[in-house]
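Heads up: the protein sequence lines correspond to chains A, B and C, in order.
For what it's worth, the working numbering labels the leading residue of the first sequence as 3, then goes sequentially.
For what it's worth, the working numbering labels the leading residue of the second sequence as 3, then goes sequentially.
For what it's worth, the working numbering labels the leading residue of the third sequence as 3, then goes sequentially.
Watch out, some of these pointers could steer you wrong.
Each pair may be met inside one copy or between any two copies, as identical chains are not told apart.
Stated by the list, open to error - In silico lysine to any residue, SDA-like type, Cα no more than 25 Å apart, as pairs: (1) K27 - A58; (2) K24 - D108; (3) K24 - E57; (4) K27 - A163; (5) K27 - E109; (6) K27 - T98.
Don't read these hints as lab results, they were simulated from the structure.
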Amino acid sequence: MARIILITGGCRSGKSRLAQEKAEKLPGCKLFVATCPPLDAEMRARIQRHQREREARGWLTAEEELDLAGLLASRPEAEVVLVDCLTLWVNNLLFTADCQKDIGEDEMSAAARVLVEACRRHPGTVLLVTNEVGMGIVPENALARSYRDLVGRCNQVVAAAADEVYLAVCGLPLPVKTSGGG
Amino acid sequence: MARIILITGGCRSGKSRLAQEKAEKLPGCKLFVATCPPLDAEMRARIQRHQREREARGWLTAEEELDLAGLLASRPEAEVVLVDCLTLWVNNLLFTADCQKDIGEDEMSAAARVLVEACRRHPGTVLLVTNEVGMGIVPENALARSYRDLVGRCNQVVAAAADEVYLAVCGLPLPVKTSGGG
Amino acid sequence: MARIILITGGCRSGKSRLAQEKAEKLPGCKLFVATCPPLDAEMRARIQRHQREREARGWLTAEEELDLAGLLASRPEAEVVLVDCLTLWVNNLLFTADCQKDIGEDEMSAAARVLVEACRRHPGTVLLVTNEVGMGIVPENALARSYRDLVGRCNQVVAAAADEVYLAVCGLPLPVKTSGGG
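Chain A on its own, in the form it takes in the complex (with noise of 0.2 Å):
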């Protein structure tokens, strides 16, 4: 069964930077999958950037926007997978939605109860990332408060059956929930 880490964090935390520093210090085959479509010229520009960087230290690539749990299923041999990140998969999920009803917050625990399955059952070390995004005021847009109920949602559930969870701040892990208890 595999071991389950969750990173969170805020905006430039560098959650993503302590996801992949602890998942170079595991041995063998790393695998990071991509939750985030490429918007623009120059977003896709970074992420070639960031993905030729991870492939010279050895990581395979695979994308993903939202059957994370049939990816992992898929890709048994990868020991170490890195998810980045469940904020922009419950994005594409809310905007995948058929607008005439939207995803609600029961539908987003039970995608991501299958997704928690999914880490479960897959022989490796699954790292994810995702975002804290309700410490602010209450946004005016009702998009943005749906969106803020379902990441919550989302970190809850996962955080659960995480075996270790820290909180990025300034760059630094801080423990929230560590394999000894917590």
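Starting from the known structure of chain A, arrange chains B and C on it as the hints suggest.
Quick look at chains B and C alone, frame taken from chain A:
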């Protein structure tokens, strides 16, 4: 003298659930104090569902939008009191204040000290739920800026008096202050 | 070589007060470095009141909006220096930058490294206050997005070099990095 426990966290961080779980581990009569006026039919239905679920587990419920100190003084029989949440109480104070003369930070601190004194005089354990609202970008809306200043003041006064303080992160309680010090 | 202490936190989290309390526990001559240009009469009055209160407790005061490294080099006699705050420094750099060519994340990291070097060369203890601004929803305003990216970069560079890092939560200091490691 009451034991005072403060649980803070962002939106959908699991803070209310964590507070209820902590309360239910304690023996004796439990009182839930809702500070939230139902704003519409959907919210009323959700509040009533949560209330029925708590009552099935033996909780009493009280509603108090402004005078939390008075409510605590009037209910000494409750061995465990859970106030959910201080952020809405601050909101209620802000919107009840004379529109010509907003409640200021000094008045907020004074109101929070009155609340803390009432918690201390209560014979039971008092758990209070609040929100982190100050870790985003400065809001453009002046009222939102005042509100986050007031919530911050309130949280500081209550945390200084509390025996235990937890920050909910992804549904997990990160200890910020513990009974043995902190 | 200076001891470097970083205190971060949200709005009204008590970070400035915690930094002053930490500074006042240390022996020797204390220098407060304000990075904040007074924007209006009310703000000027509040700054002057705080300054008089500090001076009554023996603090010196300096104002520096941009060249914090130069200021540190020019004041070796101060045994304790408190810089409040880095967020306004970033803001000042952003608004001073050539409007045709915004300061980017690489330039921000470089400026933060120059600051860190000046802190290290200073013979005293340097405390720096900053803000968490990245734990809310992505702002719609592009300048606000740039600003929170730059603050995040700055905080990461300073935290990596700091001996101690604290996150202020409800006025309480949560240790993120401690002298013995972290």
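Hint check:
For a Cα distance limit of 25 Å, the shortest separation of K27 from A58 inside one copy, 16 Å, qualifies, whereas the shortest one across copies, 49 Å, does not. When the C-alpha separation of K24 and D108 is checked against a cutoff of 25 Å, the pair qualifies only between copies, where the shortest distance is 24 Å, while the shortest distance within a copy is 32 Å. Taking CA atoms no more than 25 Å apart as the test, K24 paired with E57 passes inside one copy only; the shortest distance there is 16 Å, against 45 Å between copies. Taking the shortest Cα distances, K27 and A163 sit within 25 Å of each other both inside one copy (22 Å) and across copies (22 Å).
When the C-alpha separation of K27 and E109 is checked against a cutoff of 25 Å, the pair qualifies neither within a copy, at 35 Å, nor between copies, at 30 Å. Within a single copy, K27 and T98 get their C-alpha atoms no closer than 36 Å, and across copies no closer than 42 Å, so neither meets the 25 Å cut-off.
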